[in-house]
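Visitor: Once you've looked at the hints, dock chain B against the given chain A.
First to last, the sequence lines map onto chains A and B.
Position one of the first sequence corresponds to residue 1 (UniProt numbering), numbered consecutively onward.
Position one of the second sequence corresponds to residue 1 (UniProt numbering), numbered consecutively onward.
There could be a bad hint or two in this list.
Because identical chains share one entry, a pair is satisfied inside a single copy or across any pair of copies.
Heads up, simulated DSS-like pairs for lysine-lysine below, C-alpha to C-alpha not over 30 Å straight-line [claimed, not checked]:
| hint | residue 1 | residue 2 |
| --- | --- | --- |
| 1 | 165 | 249 |
| 2 | 6 | 165 |
| 3 | 101 | 214 |
| 4 | 6 | 152 |
| 5 | 214 | 233 |
| 6 | 249 | 147 |
| 7 | 105 | 233 |
| 8 | 122 | 165 |
| 9 | 122 | 105 |
| 10 | 196 | 101 |
| 11 | 165 | 214 |
| 12 | 152 | 165 |
| 13 | 214 | 156 |
| 14 | 165 | 233 |
| 15 | 196 | 156 |
Honestly, the hints are just simulated from the structure, not real lab data.
Protein chains: 2
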Amino acid sequence: MNRENKIGSYHFVAEPFHVDFNGELTMGVLGNHLLNCAGFHATERGFGIATLNEENYTWVLSRLAIELDEMPCQYEDFSIQTWVENVYRLFTDRNFAIVDKEGRKIGYARSVWAMISLNTRKPADLLTLHEGSIMDYVCDEPCPIEKPSRIKVAAKEPQAVLTAKYSDIDINGHVNSIRYIEHILDLFPIELYREKRIRRFEMAYVAEGYYGDKLSFFCDEASEDEYHIEVRKNGEEVLCRSKVIFADK
Amino acid sequence: MNRENKIGSYHFVAEPFHVDFNGELTMGVLGNHLLNCAGFHATERGFGIATLNEENYTWVLSRLAIELDEMPCQYEDFSIQTWVENVYRLFTDRNFAIVDKEGRKIGYARSVWAMISLNTRKPADLLTLHEGSIMDYVCDEPCPIEKPSRIKVAAKEPQAVLTAKYSDIDINGHVNSIRYIEHILDLFPIELYREKRIRRFEMAYVAEGYYGDKLSFFCDEASEDEYHIEVRKNGEEVLCRSKVIFADK
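Looking at chain A on its own, in the form it has when it is part of the complex (with noise of 0.2 Å):
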């Protein structure tokens, strides 16, 4: 199979509700386009959703680290490239290139997603999803980032508490994974945002949140620039991991 058809390239603009007081996408927005180009390619080639949920199986995402030099502004045009870089027996690996309207490479991502079995939410066997065919798309794209990290938090107070609400929710009932994103960056006060850009953000996705649960955050200052963040749901169980790691702009 030749390399093109390996690699899915969608294009975007930053739509003027999308984007933050400095006129820049917002983090939650990139994520929804990352994971939307996800189901894109994965649909293109047989092994989306829609076709996995046919025989009972879903994918679930587990892992999502963005790292990026800058940010598309308003009005711009981008395009995201997408590709699967791994699959294990559990898991496999997708990474994405953030390509800005001139072609340059302005960012990676790379994701980590497990099959599902809809029946018994028990993992399922990558490797012969298909008789094996996902791994015909396996591809040796650079993606220049680190792997997502191990994040550990050790704050005991939360710095914020919210209570799911009706817009937190997706159609599986659960907290939609981009609203997380949207929370743990409303954590930081809009001047950081001034001075800063975020250079890299990290999500590790554990449990599932719903409707009602109050979501506490817990926050660590883990060096300068770098914040570790955990989600609590009722003050216990932990639904995901953040990191934030900001850069002078």
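Guide: Chain B only, in chain A's frame:
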């Protein structure tokens, strides 16, 4: 000018993170698409925000009313048509039709816009804009829903209070028009959305909210299935008012 050139039509797909727990497009996302279509249509005809900004003017959304028989569902294609219904000295009426994948009109929307000077923040005379050329686009396409109405709220105690955060703020430094829609719809319990759908939704934008403002949401149950909401900043100044009318599914 022929009718085709007066009506803009734009295609969308209901993305997975843009639908609610019922699998239906959220009102916030629909509102975002409507405002984008207004921008596309105006830009293509020479009176978009970028052109106006060069002359130190901008468009300001004053009213929005959306009425629907149904919402597009996850992964469904739909399109939005938009046209200018009226141009007055200080306001222009722009209407919309929401068209499902079979070409059926499943909803309509009305919006009212003013043009203001970026220097004085005062309204500008639309009849003299580009020698009145915006009038060339006025179109008598039907829009069989009521005009935005007057909304009065009597409630003395807020139903919710929140502080405007980083994700709420748009490129102008104001609380983003779409976020108000989401916050307002989050006032209702998820059970309501299980049994009812939003038949009509109205927003009247009155003043600007800023980062850190304490937004208080006052809500009257005007009649069964009809709610009137007022959002005030720091307990005083009215930022916007909304009317939400539910119907049985």
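Visitor: Can you name, in rising order, the numbers of the hints this structure does not satisfy?
Guide: Hint check: 2, 3, 4, 7, 9 fail, others pass.
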